[in-house]
Amino acid sequence: MVQSAFIRAFQSLSRFRAESRISTWLHRIVVNEALMRLRSRASAEEPSIDDLLPTFVEDGHQTRDTVDWSENAEAALERKETAEIIRRNIDMLPDSYRTVLVMRDLEEMSNPEIADALGISVNLVKVRLHRARQALRTLLEREFGDKP
Amino acid sequence: MNCRDVIGFLMDYIDGVLASADRTEFEKHISICHSCVAYIRTYQQTIKMEIASRIEDVTIPEELVRAIMASRKL
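Chains A and B are the protein sequences, given in the same order.
Heads up: the first sequence at position 62 corresponds to 62 in this note's numbering, and the numbers run straight through without jumps.
Heads up: the second sequence at position 11 corresponds to 1011 in this note's numbering, and the numbers run straight through without jumps.
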């Protein structure tokens, strides 16, 4: 994907304006390429993330108590392999969730900007973002929580 | 408010956009529910881990930029 974005960049090099940094320009082209591909795959069936979301009993309480593993995870940030583990888990999220999560939390785009780029409502952006973070939370719990 | 409501409202609470009455109910629940406190902490830690995993802008060598720019003139 990055390769084809870079080929596209090379082909449109004449449109590069020297006042913007070339890295910023390349970054934008890669993001546009990714969005184009996502739109073309939008109708494809995605795996469900329901198994990664919290469950509740009838009165609305959590089915099982959540254990706080945040200190373990914080300590793991000292290790250089941790970033790779996190990226691997982000990659496990289905496209529609991963895209929103990356745009908001990593690219720091606003909800309306994401909605505009993906052609969906701001409300759907918020729903997907919250579900994506919850799913990733469960995946990271498996990595950094105490093993039973 | 129960755990399901708290987890549903969590993102709005963190973003500071939860309505005042809901925020009061939210805080009342977490003052007595250790499980929700753990959920909130690990949710916030998840966002922190995401950011920590970010690959920072790669610095493009000047030589490469010059070579690309030179190729435009061919």
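Derived by calculation from the structure, the hints in this document are not laboratory data.
Predicted model only: the values in this text are computed from it and were never measured.
Among the clues, some could well be false.
In the BS3-like style, the derived pairs of lysine-lysine whose C-alpha atoms are separated by at most 27 Å in a straight line are [as the list claims (entries may be wrong)]:
hint	chain 1	residue 1	chain 2	residue 2
1	B	Lys1028	B	Lys1048
2	B	Lys1028	A	Lys80
3	B	Lys1048	A	Lys80
4	B	Lys1048	A	Lys126
Okay, the calculated beta carbon distance ranges per label pair [to be verified]:
hint	chain 1	residue 1	chain 2	residue 2	range
5	B	Ala1021	A	Asp51	18 to 24 Å
6	A	Arg8	B	Asp1005	42 to 48 Å
7	B	Glu1025	A	Asp95	34 to 40 Å
Glycine residues also receive a C-beta, built at the ideal position from the N, C-alpha and C atoms.
task: Taking the numbered hints from earlier one at a time, note which ones the structure violates and give those numbers from smallest to largest.
output: 2 and 5
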